[in-house]
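Enquirer: Place chain B on chain A using the hints.
From first to last, the protein sequence lines stand for chains A and B. Taking our numbering, the leading residue of the first sequence gets 1, the next gets one more, and so forth. Taking our numbering, the leading residue of the second sequence gets 1, the next gets one more, and so forth.
FYI, nobody ran anything at the bench for these hints, they're computed from the structure. There may be inaccurate statements among the hints.
What the hints assert, rightly or not - Which residues of chain B face chain A? A few of them, derived with a C-beta cut under 7 Å, are: (1) D55; (2) L59; (3) L91; (4) A92.
Unchecked claim - Footprint (simulated), chain B over chain A, 3 or more residues, beta carbon under 8 Å: (5) 18 to 31; (6) 50 to 62; (7) 116 to 127.
C-beta: ideal position from N, C-alpha, C; glycine also.
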Amino acid sequence: MTAIKKKKAVKTDSFSLEIEAKSANESFARMAVAAFVARLDPTVSELADIKTALSEAVTNAIVHGYRNSRGVGRIRIKGAVYEGGKVVLEVKDKGCGMADVELCLRPLYTGAPEEERSGMGFTVMESFCDSLRVRSAPGKGTTVVLTKRLGGGAE
Amino acid sequence: MEYKVNREGGVLTLSLTGELDHHGAASARTSLDREIRLAAPKKVVLELSQVHFCDSSGLGLIMGRYRCATAAGAAFAVKDPSPAVERIMALAGLGKIIKTERSVKI
Numbered sequence: 001m002t003a004i005k006k007k008k009a010v011k012t013d014s015f016s017l018e019i020e021a022k023s024a025n026e027s028f029a030r031m032a033v034a035a036f037v038a039r040l041d042p043t044v045s046e047l048a049d050i051k052t053a054l055s056e057a058v059t060n061a062i063v064h065g066y067r068n069s070r071g072v073g074r075i076r077i078k079g080a081v082y083e084g085g086k087v088v089l090e091v092k093d094k095g096c097g098m099a100d101v102e103l104c105l106r107p108l109y110t111g112a113p114e115e116e117r118s119g120m121g122f123t124v125m126e127s128f129c130d131s132l133r134v135r136s137a138p139g140k141g142t143t144v145v146l147t148k149r150l151g152g153g154a155e
Numbered sequence: 001m002e003y004k005v006n007r008e009g010g011v012l013t014l015s016l017t018g019e020l021d022h023h024g025a026a027s028a029r030t031s032l033d034r035e036i037r038l039a040a041p042k043k044v045v046l047e048l049s050q051v052h053f054c055d056s057s058g059l060g061l062i063m064g065r066y067r068c069a070t071a072a073g074a075a076f077a078v079k080d081p082s083p084a085v086e087r088i089m090a091l092a093g094l095g096k097i098i099k100t101e102r103s104v105k106i
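This is chain B alone, in the form it adopts within the complex:
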């Protein structure tokens, strides 16, 4: 699981690429939390447009980062979820708890 970090103002954007299964989630979890703690941002954005597979372990990763950000006093949002992410989030009803942002496509 690869990720890119972008800091702009108080917003920390973490963009994930790859397959968000148990294996991918386990490898990304610790480093993502470290980024959140180090940046101490006002808001954490998890950008998931390049996640081509996501199962319940990926769901656990999203929920866990939401908890980590909230515990650090930051706001949290998921940005541009891929269809794979979107269907699993919808199944779990995560949209009611976690805000989803979408970039405007031109």
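Bound-form chain A, shown alone:
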């Protein structure tokens, strides 16, 4: 067997955006990310996947991350596109964090049952993206990294 060396994909464009953790900003964040990703000429369904996954991550930061914080928290959204059509999005908050990430990733689990949450946020992110990474610790905030390859997953 010959090992095929994978060439590291070249980052072509990137952005960083900070928004206030208010629900009115959810659609703003989606629109901004959709406009950024549009340069890769995504299909309607790919764009819907990205918007929905991003919306889940931002909503989690607002509903859970900053649920008990005084004042308005801030959410940092970073995005990058790579040669070959890979999109990487990072959503970071400085909220309360999660003690048990695995539990929170479980379908139908919700940390806010009183607020009529479906418990499907992370499941949506996982289903609509190629990969999902979550870094979190109590009191340390949460960072969610979403990766999606556009163009039918071809290299």
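Expert: Then chain B, alone, in the frame of chain A:
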């Protein structure tokens, strides 16, 4: 989130327009439940053809209205879900619990 109300016989149809995210769901929730309680219908129909975005918060709203209608003794159905609504309902397997009606297109 805007909605229209139509009452015909014992059927209360609530037609939503806009984006069904956490923000939209929060603003619509209370007023939709009030409509259901006031009308005391035999059946509640949530018409979702004009919902152009729907995430898991929208899913929560649909499930919540299903519960509200059922608690009020009414039947419940989703009508003409947009593609955005349909994919998220399919992902959650909501079709097994909630009836979906489709208008016949001519």
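Enquirer: With reference to the structure, classify each hint as holding or not holding.
Expert: Quick rundown of the hints versus the structure:
1. Proximity of D55 of chain B to chain A holds as hinted, the smallest CB-CB distance being about 5 Å (cut-off 7 Å).
2. Because the closest C-beta pair between L59 of chain B and chain A is about 4 Å apart, less than 7 Å, the hint holds.
3. With 7 Å as the threshold, the beta carbon of L91 of chain B comes within range of chain A, its nearest partner Cβ sitting at about 6 Å, so the hint holds.
4. Given the 7 Å rule on beta carbons, the hint for A92 of chain B holds: about 5 Å separates it from the nearest Cβ of chain A.
5. For a cut-off of 8 Å, the count of residues in the region 18 to 31 of chain A with a CB near a CB of chain B stands at 5, and the three-residue condition holds.
6. Only residues whose C-beta sits within less than 8 Å of a C-beta in chain B count toward coverage, and the region 50 to 62 of chain A has 6 of them, enough to reach three; the restraint holds.
7. For the region 116 to 127 of chain A, the stated coverage by chain B holds: 9 residues have a C-beta nearer than 8 Å to a C-beta of that chain, and at least 3 were required.
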